[in-house]
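J.: Work the whole structure out from these sequences, hints included.
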Amino acid sequence: MGWFALWRRNRNLNAAIRKARTSQAPASIAAAIRKLISGGEYDKARLIARQAVESYPKSASIQDALRDLKKVRYAQEMKDLSEKIKQNPNPTLYARLAEMYYDLGETDQTLEVCRQCVANFPEYEGAYTIMGRLRHERFRKEGLARDGMKAVENYEKTIRLNPNSYKTLLELGGLYLEIGAIRLGVEKLEKIQEFDRTDERTNKLLDWARGQTPLPEEDLEDLFKIQQERRVQIRLETAADRIGMTAAQVERKVGRLEGIPGIISVGLVTPAGSPIVYRIHGEGLEEASFLEMLSSVFSAAQECSQRMDIGGVERGTITGEYVRVHFVAFETLALVVLTDVQSSKPEEVDLRVDAFIDEELYARGGAR
Amino acid sequence: MQKILAELNSTPGILGSIVVTDDGMVVAADLGPNLDQDTVAALAANMIQRTKRSLQNIGETSVKRYVLSAGYGKLVFADIGIAFLVVVTNQNIDVNHLLVEITSAGNRIVHRRA
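So the protein lines, in turn, are chains A and B.
Start counting the first sequence at 0; every next residue gets the next number (numbering that gives the first Met the number 0).
Start counting the second sequence at 0; every next residue gets the next number (numbering that gives the first Met the number 0).
FYI, nobody ran anything at the bench for these hints, they're computed from the structure.
Because the structure is a prediction, the values reported are computed rather than measured.
All C-beta atoms, glycine included, are put in the ideal place defined by N, C-alpha and C.
Please note that the accuracy of each hint is not assured.
[Unchecked claim] In silico EDC-like links for lysine to aspartate or glutamate, alpha-carbon gap of 20 angstroms or less: (1) A:70 with B:35; (2) A:78 with A:67; (3) B:51 with A:67; (4) A:34 with B:37; (5) B:51 with A:286; (6) A:224 with A:286; (7) A:70 with B:6; (8) B:51 with A:107; (9) A:70 with A:302.
[Claimed, not checked] Have a look at the derived ranges for each label pair, beta carbon to beta carbon: (10) B:89 with A:260: 28 to 34 angstroms; (11) B:12 with A:241: 32 to 38 angstroms; (12) B:90 with A:254: 31 to 37 angstroms.
T.: This is how it looks when you write it as structure tokens:
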């Protein structure tokens, strides 16, 4: 690099640092962090990112910039780990790689690495722990019963392989209590007491749990479903309020999409893909898989378009061999319609969905 | 393949195109100055993988085409067998016309390889 280019680079970086220090807007700070990253000033970027996270813990742009920084930091190590796994796989290499993907928020990649680890080393507990944590976190965020069940399944496997795993016992015990499976929760927490009677968090949870009346039967699937329904109801009430209707009116109206030719299912989701209302019209479609699809398809589209800098998603169509997914965003919500490719025409479905949004959902008051 | 992408990109409204496998490997790319190849490839691969996986869960075997319209542009993903042809456009382009062009380019890419 010539002296002029070097001078200009340093000047730009110093300007970025100044801007980050004086700016009050998270987006400007995030832009400055990215400028520092592209200039190779990782330490300075890290310092500013750390301060920014403290000031704006919920800012999406700061979190994005932080993720970019981590990506740069992890890039070489991730490449090396992948190479080592190819040549001489061992469970700790998989676990380290999965942890990195987890830290970057790359859920699918994390699960994929864990699945490979489990396939090659089924007796290694680390991969089950990471999968359990990830599913648990997703259950907390989205409230989907399937995530909760998977979290339990993976945590239980961890404990079977390592009965004294304090963190997993605590997480699983807490999760059981959270959904109302008091007996199961107490059972896990008492296991911690077998090797540590002084742990404050365990004792606090146990004190609380012993004051509750356990259900006669603790069917996990039912308990997770109840949680899922509660979350959906809360979202429905919030969304209905936003479009000036009652929850019952929105539910009734979404039910009217049944008339679309070839319709299999329909769902109203939040921008993050969390289901608000859904109806399954076709036979043979499993509810949990449909909800997972609802949650994943719209949020993936949203993430992709925002990161590609082409703005927020307005609509989309995904055509497969047998089904077609239509989604349309409106009022910070999205309507997702699944149809059968054979018996529906995409243009017709789009027209019906648009008309539905205009005439039903925008026709406030719900007199229809 | 590069020539086919360049011809496709001469359609008014197309900002760039890339042929990428669903694990993010770039087969060929002709993206405009404002589109970074690695970013587009990574985002496209991520979206293809996530969409495929969630559709597989409901029994779908493949994703043939994906059309996404956003505030400032459109994205079209077309399965061309060996990989996906991903096209980035501005928001005013006519999707039906675009799909004809993309299908034709996809066929030419496949037959060149054969």
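J.: Hint by hint, say whether it matches the structure.
T.: To see whether the hints hold, each was checked on the structure:
The straight-line distance between the Cα atoms of residue 70 of chain A and residue 35 of chain B is roughly 16 angstroms, inside the 20 angstroms bound, and the hint therefore holds. Distance hint between residue 78 of chain A and residue 67 of chain A is fulfilled; the C-alpha atoms sit about 16 angstroms from each other, no more than 20 angstroms. Under the criterion of a C-alpha separation no larger than 20 angstroms, the hint pairing residue 51 of chain B with residue 67 of chain A is inconsistent with the structure, at around 25 angstroms. For the proposed pair residue 34 of chain A and residue 37 of chain B, the alpha carbon gap of about 18 angstroms is at most 20 angstroms, so the pair holds.
Distance restraint check for residue 51 of chain B and residue 286 of chain A: the Cα-Cα separation of roughly 18 angstroms lies within the 20 angstroms cut-off, and the hinted pair is therefore satisfied. Between residue 224 of chain A and residue 286 of chain A the CA atoms are separated by roughly 11 angstroms; this keeps the pair inside 20 angstroms, and the hint holds. Between the alpha carbons of residue 70 of chain A and residue 6 of chain B the distance comes to roughly 35 angstroms, so the proposed pair goes past 20 angstroms and is violated. Among the hinted pairs, residue 51 of chain B with residue 107 of chain A is consistent with the structure: their alpha-carbon atoms are about 12 angstroms apart, no more than 20 angstroms.
With a C-alpha separation of about 17 angstroms, the suggested pairing of residue 70 of chain A with residue 302 of chain A holds against the 20 angstroms cut-off. In this structure, residue 89 of chain B and residue 260 of chain A meet the distance hint of 28 to 34 angstroms, their C-beta atoms being roughly 32 angstroms apart. For residue 12 of chain B and residue 241 of chain A, the Cβ-Cβ distance of about 34 angstroms falls inside the hinted range of 32 to 38 angstroms, so the restraint holds. Between residue 90 of chain B and residue 254 of chain A the CB atoms are about 33 angstroms apart, so this pair conforms to the stated range of 31 to 37 angstroms.
In summary, the numbered hints that this structure violates are 3, 7.
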